[in-house]
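**Q** Keeping the supplied structure of chain B fixed, place chain C upon it in accordance with the hints.
Number of protein chains: 2
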Amino acid sequence: MVGDIGGSKSEFAIFSSDDPATPLDFRRYANSGFNSAEEVMEKYLSQCSHSPQTACLAVAGVVEAERAQMTNLDWHFDACALAARFSFAKVVLINDMTALASSLPLLDRNHQLMTLNSGSGKQGAVCGLVAPGTGLGEGLFVRLGQNSFFALGSEGGHGGFSPADKEQLELLQWLQQKVSPVSWEMVASGRGIPALFAYYTQHCGMAPSGRITRELAGGDDQTRIIIDGGVTGDRCPVCARVVELFLAIVGSEAGNLALKLNATGGIYLGGGILPRLVGRTSFAPLVTAFGAKGKMTELVARIPLYLILEKKAVLMGGANFVTGGQRG
Amino acid sequence: MVGDIGGSKSEFAIFSSDDPATPLDFRRYANSGFNSAEEVMEKYLSQCSHSPQTACLAVAGVVEAERAQMTNLDWHFDACALAARFSFAKVVLINDMTALASSLPLLDRNHQLMTLNSGSGKQGAVCGLVAPGTGLGEGLFVRLGQNSFFALGSEGGHGGFSPADKEQLELLQWLQQKVSPVSWEMVASGRGIPALFAYYTQHCGMAPSGRITRELAGGDDQTRIIIDGGVTGDRCPVCARVVELFLAIVGSEAGNLALKLNATGGIYLGGGILPRLVGRTSFAPLVTAFGAKGKMTELVARIPLYLILEKKAVLMGGANFVTGGQRG
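One line per chain: the protein sequences are B and C, in this order. Per my numbering, residue 1 is the first one in the first sequence, and the count goes up by one each step. Per my numbering, residue 1 is the first one in the second sequence, and the count goes up by one each step.
Just chain B, with the same shape it has in the complex:
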């Protein structure tokens, strides 16, 4: 059994030990209906018709050996306690970005990935992961042999934001007056979208459309309203600028990670925001910013850039992590 425990929802799947790419069963639950990780696991195990021996829980939070603590929810995990309670032979706790990185070798280029830059990268070299969701997850993946790899989620999104041009520098200057240091996550994640919107409206004095102003006044999910407002047929000019700037910043950081990791295997974009933009807006600002690295432009241009479309990638990666030969 593999669980993907996010800030607002939990997903579970069952895999046989010889095929981490094909879930035999899958269910999703809103966390709001449960008080603890144990409760939602109990619910799933009572509803699925399998009796799994091993559990891997991919947790959106800090994982240290046998314990984990979620970043945005008061849920704790203790591998030994969970194994005892549910009679698992083994419970493995990993960071959700470690799980996502572990899914990379399983993803089919034609169906589960969208190629944004084809490059000429080497198969099997180091890969990087940049995943804007609620926060900004990052990670790395190294193939060591046919059935052996090293995958690791990181807190790279909390590193310092580097503005790529004058507009981004002005944005940083404006944000620095409120908070310092300014991280990539503050501008390149679901949390960052309202900050970009505020920059254009409050600092630059741009006016959003009347519809967006009304929706933001009444709605809950500001991030979703702004993103949808920037890509639907009847676009709000400010929201469209926000989406474009967001894409440019994500692309710039993807290029930075490509350089940091010498990621000749490719950079993979994950998270919930980008797949929702497919077919609704151009990814050109992202791809352009990815390659704009001065004298390293040619080197980065050779690095493939993929967008992960597969929604169960974290679950598949969790299965691959426990069965597929994570080392180190």
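Note that these hints are calculated values from the structure, not bench results. These numbers come from a predicted model, not from an experiment. Certain hints may be false.
It does not matter which identical chain is meant; a pair holds if it fits inside one copy or across any two.
Cross-link-like lysine to any residue pairs, in silico, SDA-like; alpha carbons within 20 Å at most [claimed, not checked]:
1) LYS312 to LEU169
2) LYS90 to CYS204
3) LYS295 to GLY205
4) LYS178 to GLN168
5) LYS9 to ASN110
6) LYS90 to SER282
7) LYS295 to GLY7
8) LYS178 to ALA292
9) LYS178 to GLU167
**A** Same frame as chain B, but now just chain C:
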């Protein structure tokens, strides 16, 4: 035989296959006396009293499989041609930062490293490398088992510079008028030192001491003059500010790499500039900037930070790379 082929000098050493930590022989040559990598290798092999079977050349430049091209010198390397010419059974070409990263498990904490932040990091986890020399090298190291590791030099220094405070933002703004994007290497390397000096004198209107002004007018190595001017007893106020800013920027990037790699094994500082500052100035600006990561400050504070003092680390790393179990 291991060679460390830098922009201005080449160093060679002989190691026995069972001890990559102890060079049996060592010589250094100024590249200016030679026209090619073959010439300097020929010289060394004629002078040393060993007949090595395997050669590993650590090259300051781009290495792709069997060939390498130096960044700052018109020297080319072809592994097969070198093996044939010198009758080596095997010639391995690696990037010099890959070699330096490969030395990390060999370095003795008491004699070859200086601890700048002790942290409470896990032994054997991922390590990162930040090495300001002429350029800014970076790299990563993952221990996979007792005798197995993955080491990789990267072009991370060419990623975008992220200013950590108002002064650094002003610096970026000033530099962006001349070149864009501004990379870490442009401010945190030997090449960057004159740029920081120009920022203080040209943009901020600060006046260097008369001695420094005279030395800069007459001398060749501006970087060395500025660094020495900032740390000697009779300090030039501008040079002292340059050294302090340089240390803060290197520390900030070291903290970023710690987050990107989740480098619980530690961040190692290498390169030629920092060891020359030991005992002559305080590393406090570097250590403070390393940890100043907003809500990730506590996480970074747990990551050990070391300065590599061992001058033969690249040679030792080259020997470890070929004998010590690099995988992947």
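**Q** Evaluate each hint against the coordinates.
**A** Consistency of the hints with the structure:
1. Taking the shortest alpha-carbon separations for LYS312 and LEU169, neither the intra-copy value of 37 Å nor the inter-copy value of 41 Å comes in at or below 20 Å.
2. With identical chains, the CA atoms of LYS90 and CYS204 are never at most 20 Å apart, being 55 Å at best within one copy and 62 Å at best between copies.
3. In the homo-oligomer, the alpha carbons of LYS295 and GLY205 never lie at most 20 Å apart, since the shortest distance is 36 Å inside one protomer and 30 Å across protomers.
4. When the C-alpha separation of LYS178 and GLN168 is checked against a cutoff of 20 Å, the pair qualifies both within a copy, at 16 Å, and between copies, at 17 Å.
5. In this assembly of identical chains, the alpha carbons of LYS9 and ASN110 never lie at most 20 Å apart, being 28 Å within a copy and 49 Å across copies at closest.
6. Proximity of LYS90 to SER282 under the C-alpha cut-off of 20 Å is found in neither arrangement, the shortest distances being 45 Å within a copy and 49 Å between copies.
7. For the identical chains of this complex, LYS295 and GLY7 are inter-copy neighbours only, at 18 Å across copies versus 40 Å inside a copy, given an alpha-carbon limit of 20 Å.
8. When the C-alpha separation of LYS178 and ALA292 is checked against a cutoff of 20 Å, the pair qualifies only between copies, where the shortest distance is 16 Å, while the shortest distance within a copy is 29 Å.
9. When the C-alpha separation of LYS178 and GLU167 is checked against a cutoff of 20 Å, the pair qualifies both within a copy, at 18 Å, and between copies, at 16 Å.
Of the numbered hints stated above, those contradicted by the structure are hints 1, 2, 3, 5 and 6, listed in ascending order.
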